[in-house]
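In order, the protein sequence lines correspond to chains H and P. Just so you know, the numbering used here puts 283 at position 283 of the first sequence, and the rest follows in order with no gaps. Quick note: to get the numbering used here, add 572 to the position in the second sequence (first position is 1).
Hints are supplied without guarantee of correctness; some may be wrong.
What the hints assert, rightly or not - Some, not all, of what chain H presents toward chain P, calculated at C-beta under 7 Å:
1) Ile342
2) Asp349
3) Gly401
4) Leu402
5) Ser403
6) Arg435
7) Ser437
To be verified - Some chain H residues flagged as far from chain P (calculated, every beta-carbon gap over 12 Å):
8) Gly263
9) Met277
10) Ala423
Everything labelled a hint here was simulated from the structure, so no lab data went into it. Beta carbons: idealized from backbone N, C-alpha and C, even for Gly.
Here is how the chains run, residue by residue.
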Amino acid sequence: MQEPDVRPTVTGLSDTGFDDLLREVLNRVHGVLDDQARWRLLLDAVVTMAADLSLDGLLARIVEIATRLAGAEYAALGVLGVGPERRLRTFVHHGMTPVQVHEIGDLPTGHGLLGLIIDRPQPLRLHDIAQHAESYGFPAGHPPMSSFLGVPVRIRDQVFGNLYLTEKIGGGDFTEQDQDIVVALAAAAGVAIENARLLEEAARREKWLSATAEITGLLSGSTSGSDALQAVADRAREISGADLAWVVAGDDADHLALRVVSGADIDVPHAAATISMDRSLARDVIRTGAALTVEQLSQDPRAFSTAEIPGWPELGPAIIVPLRNSSGIEGVLALAWTPQHIAGYIAVDAVLPSSFAEQAALALQVAQARENQQRLALFEDRDRIGRDLHDLVIQRLFAIGLSLQSTARLTDEPAVVDRLNTAVDDIDATIKDVRRSIFALGSPGDAADIQAEVTRMVDRAAGTMKFRPSLRFEGPVRTLISSTVAPDLLAVLGEALSNASRHAHASAVRVELTAGADIVLVVADDGAGLPATVNESGLRYMRQRAERLGGRCLVTSTPSAGTRVEWTVPAS
Amino acid sequence: MSDQLAVPPTGEPIRVFLLDDHEIVRRGIRELLEGEGDIVVVGESGLAEEATRRIPALRPHVAILDGRLPDGSGIDVCREVRSQDPSIAALILTSYDDDEALFSAIMAGAAGYILKQVHGNDLINTVRRVAAGQSMLDPAVTTQVLERLRSGPKVDPSLQQLTAQELRILELIGEGMTNRQIAGTLFLAEKTVKNYVSSMLAKLNLESRTQAAIFATKHLND
Chain H
1 MQEPDVRPTV TGLSDTGFDD LLREVLNRVH GVLDDQARWR LLLDAVVTMA ADLSLDGLLA
61 RIVEIATRLA GAEYAALGVL GVGPERRLRT FVHHGMTPVQ VHEIGDLPTG HGLLGLIIDR
121 PQPLRLHDIA QHAESYGFPA GHPPMSSFLG VPVRIRDQVF GNLYLTEKIG GGDFTEQDQD
181 IVVALAAAAG VAIENARLLE EAARREKWLS ATAEITGLLS GSTSGSDALQ AVADRAREIS
241 GADLAWVVAG DDADHLALRV VSGADIDVPH AAATISMDRS LARDVIRTGA ALTVEQLSQD
301 PRAFSTAEIP GWPELGPAII VPLRNSSGIE GVLALAWTPQ HIAGYIAVDA VLPSSFAEQA
361 ALALQVAQAR ENQQRLALFE DRDRIGRDLH DLVIQRLFAI GLSLQSTARL TDEPAVVDRL
421 NTAVDDIDAT IKDVRRSIFA LGSPGDAADI QAEVTRMVDR AAGTMKFRPS LRFEGPVRTL
481 ISSTVAPDLL AVLGEALSNA SRHAHASAVR VELTAGADIV LVVADDGAGL PATVNESGLR
541 YMRQRAERLG GRCLVTSTPS AGTRVEWTVP AS
Chain P
573 MSDQLAVPPT GEPIRVFLLD DHEIVRRGIR ELLEGEGDIV VVGESGLAEE ATRRIPALRP
633 HVAILDGRLP DGSGIDVCRE VRSQDPSIAA LILTSYDDDE ALFSAIMAGA AGYILKQVHG
693 NDLINTVRRV AAGQSMLDPA VTTQVLERLR SGPKVDPSLQ QLTAQELRIL ELIGEGMTNR
753 QIAGTLFLAE KTVKNYVSSM LAKLNLESRT QAAIFATKHL ND
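Could you put together the complete structure from these sequences and hints?
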């Protein structure tokens, strides 16, 4: 959009922009050379204008210089808005007192006489504003103004805005010379404004670019899930100067949810549950794939309703851009400003958040894919270990056990037979332990079956007991223990384990769960036996739970030989 | 333990075929069984294909089949053999736990299962009982397994992949039908039934939880 010679770098500006500026000014000033003082003033003005590179500061400066150059009481610069209405979006003025400004209230938007120069961008001089056919008259509290000079400010061939001067000091009208020098000033101002604008835009672009790079770097680190989304929203809000930023995402347009919010203290999970996304701008953006801008978000009937969400501010303009990755659009990033901060919205070119969002979405996808891959690799690895244990370790142990048993038949020596049988029992126990490990390896952490639950409870108890209880499963426990039995069984196991760890002073605890015609849970320890003061209600509950299911609970306790809880219920 | 049950009424020795890809396991089982005197191992193999060919020819009373084999599964072997000769009783030998062994046995149409542990199950007693025509599978438990498959725990996503036809066939498997009997009931070619069972076994592959893991991964971040 810009030519190479006006690249918005500081050196570029001083090399070429400023030369152009001077040449232009000298051409324009030709007609007022007789007025040496004004000429010098203009030149000074041009130099200081070029030095001040913030756009707002520059506009204020131009207006102030204009009053001095043309000898006017008041001056203003109206900046044209975009869009078909072509009205003023900014009005920078000079000469009025703060009290006057306050009394007038709203700034003009470019109707009446001010609109005349907008529609027909030519210099215009008037003796008395009020007598012009286009004049609307002044609002209440406005100081009297009669003489008028208006000049368009162009950037290249585009009208940027208009300089308005009123009330020639000392009475009388603005002269031909006044007009010429203001036209010259307007030309200089156009160049300076363009430079300032390009510089600001370049700075913003650079900020977006560095934010984009930063987010890619951040997401390729260990950040995951909603942290990553939060980082995207935070960064986008920071760069855009938006008051609020949020991300809406989901598997498809029908399953969208608010995921993160930046800039307000919102209870996101609660808000996400409250808001219906059936009607939302996010849906529209995901459907069409195109970014959306709206002027009045809080009043927009297409936006989701935020009335129910505590802490959600009243919002004016907003930009909603798609989060698009290689598999489609999975969400949107929204940036919104309060009506008071509309200027921040105007300064943002929607293209920049769009490309930021695109990069962020790709980075999110890569991060997600990497996370999945790692998890998958882990599961595959576990599967492989489990398979090896099955195919190699258990097979071998089993075969060794079988041959030991056969060996036992070859002898009549009872001592040898006993020894061999003990060895076979040990091998069987080892096989069961291996199976238990395989089960633990293979079951996803959140598996809901009874075997996984019991294993988890026993593992937790191991933490408080300082030793690991032994755990055995016998029979198809996952098949035979129904969901009616499971909650009671787990409650009983919990109670028995807690008794063993609190009162028994045990050094070993054995847990066995057998599924056959009956479901039998045995929890036995080698501790002190039940103390007289034992929690009798705990034992009673275990019994009640068994009886309710048509079973029984047997608690045997021998002082200093341990306690054994045997809880039995029918399998079906 | 060896005199708890009588030998088959005929008085002839019980003929057993062994299918396991580990020679050391076959040897151990053979020694154990033949030590009884009234049981003979009439054949052995380490490969599914070979066993499928040889078992119907040897006509053993009992075929002991390892669930996992390098070239296939003992479940397929069992279904194939019993479709040809329903009088051959089969036991699925597995190193997995009871739940998965039970499921494998039902899928295979076997008379029972044997876990690979020495004292845990009474191998000889089990062989004698199935040779005498008994099933070690409790019909009520079989029903429960099928119920678990149909409405089962949501953690196993593989179940949702079954088609209506596969579910019907699963039901008939649960009733102990061979492929040939199922083919007759559903008016399908036996080959078609066989393909259905194979694809179902693949879908319900209980030996690998990777599928579940992938499923879990997909849905963890929503």
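Right, here's what the structure says about each hint:
1. Ile342: Not OK, violated: Ile342(H) not within 7 Å of chain P, min 36 Å.
2. Asp349: 32 Å, violated
3. Gly401: 4 Å, holds
4. Leu402: 3 Å, holds
5. Ser403: 5 Å, holds
6. Arg435: At 5 Å from the nearest chain P Cβ, Arg435(H) passes the 7 Å test, so the hint holds.
7. Ser437: At about 12 Å, which exceeds the 7 Å cut-off, the nearest Cβ of chain P leaves the hint on Ser437(H) violated.
8. Gly263: About 24 Å separates Gly263(H) from the closest Cβ of chain P, which puts it past 12 Å; holds.
9. Met277: Per Cβ check, Met277(H) is outside 12 Å of chain P; nearest 14 Å; holds.
10. Ala423: 10 Å, violated
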